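J.: Sequence:
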Amino acid sequence: MPPSADLIVENASILTMDPDTPRAEAIAVKDGEIIAIADRATVLEHKGPGTRVINAGGGSVVPGFIEAHMHLFGGAAELDHLQLMGVHGFEALRDAVRHYAAKRPDLPILQAQGADYTILSAVERVSRHHLDRILPDRPFVMAAPDHHTMWANTKALELAGLLRGKQLGPGNEIVMGDDGLASGELREGEAFGPLIALAGEDRVWLGFATGGEPDPKPTPAEQASDRAIMRRGLEWCARHGITSVQNMDGNLHQLELLSEIEAEGGLLCRVQVPFHYKNFMTLDMLEKASAMAERYKSEWLSSGMVKVFYDGVLDSWTAVMVEPYADRPDWVGEPLFTPQQFIDLAVAVDRRGLQMAVHSIGDGAVRAVLDGYEAAQKQNGKRDSRHRVEHIEVITAADVPRFAKLGVVASMQPPHPPGSMGLPLEPTVSRIGRARWPLSYAWRTLKNAGARVVFASDWPVSPIDPILGIQAAVLRKPWADGDPDQSFSLHESLAGYTVEGAYAEFMEHRKGRLKPGYLADLVVLSADIEATAPEALHTVRPVTTICGGKITYQA
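Each residue of the sequence shown is one higher than the one before, counting from 1123 in the working numbering.
Incorrect hints may have been included.
Said to hold, decoys possible - No more than 35 Å apart at the CA atoms, straight line, and that leaves these computed lysine-lysine pairs for DSBU-like:
no.	residue 1	residue 2
1	K1152	K1169
2	K1400	K1527
3	K1527	K1152
These are computed hints drawn from the structure, not numbers from a lab. Just so we're clear, the structure is a prediction, and the values are computed from it rather than from any experiment.
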């Protein structure tokens, strides 16, 4: 007699992402694993007196989405901030900020997210003087969607000790005005870190800013507060059908919070947290990365990765380019590591058997990181390292085939190209320059060259919703006639959020597909995603998320 299932999903259009059995009608799970996936009659043989049955109503069932690049702790904290995506023009900005401020009279500093670089207009850059006109008496800061630039009013700059500038490390800048005072624009984390500390969210962003631990150690009340923030992030993930998270900033504090949540039975997603190596660290500090990897290596909570930033972003001219920016012909950006420093780091990380994931947006950064991975292979010997390059917003033709040759994962974000999901084309496309457009956000080019391409949102940089990301990948259009089509099909896009995410995490034998013996991580959708027009994909919503056989979200 077939074993009784804990849970069965029936009346479904199941996309298994398994080429051996691509479709099914029903799925049965027991003890956190899939025990049957087949036609309805076969699967219902596993129905027992205690089996919970979910009727999918003909909607699609897909593997749980794997978010391969996000910032869980910080994104969770920002759910309470003012959201400015879609706000344009001074008057609209003024009204949004004042309305938000009026409802929060006691906040020490008011924070907003998602302010386009062109929020005022296509030509006028934000300054502290604009923000002073909106809110002169309370400290206010707003961040660009990419989280690499913030703008602050005078009150905030004064409180943070930034109004008269400050000495910063490479790639960071407090933009100064003609009056010798800060203009209000702050580029990269060292510049705006003091403002985050003023807001009391320095612990939230420690894994991003320094990779270090809270000092002093959080009080029990602070630890509980941080746990609540992390729980909010996990709930937000589950709501969007996400069952696995590959976090892209990290420290031991985040792992300990998640471990405490797991002990309480509240870990709604599987989470990987890296050790974040910063350019002021020394190679001996990688011992901590090895210790984290050894301590956390379960299917629910793991480490084993070293995250690094090599450059910044295009819109603030902090991405590193091979040739100068089209709108700044004397500038290629300033790397956060010298090429040799990065080679030494890559060799050291690889020697420890750890995986690397490196933020590399400009084609100069991508090349330097590939050079580091190649050097690691030569010095340590070739292995299945699956080192990653994160973002790859611009690449040269010469570097495209190196991904497949070196076995490097291309980690890319469908919501990021200008023109996608409401993002403005300018200033980014002019900054890149027409000659580089064909190899910008070049998912298809890399995939056709044999690279493993994994998709993600980079939340909170972009909305977390994987279905919006899938739609953005399917609807992607070239910026100019004659440029290559970089779009993905629906199935390729789904694979980018499932199969490829599992591969990037060395877990393709346990998740990313729906098949017997795999983890019971799946999502029931509100409609048949294959029968939905590409332009309407955003209307398809997760109605039930199941992780490890447990329902983690139900609409």
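J.: Among the hints numbered above, which are violated by the structure, and what are their numbers in rising order?
T.: 3
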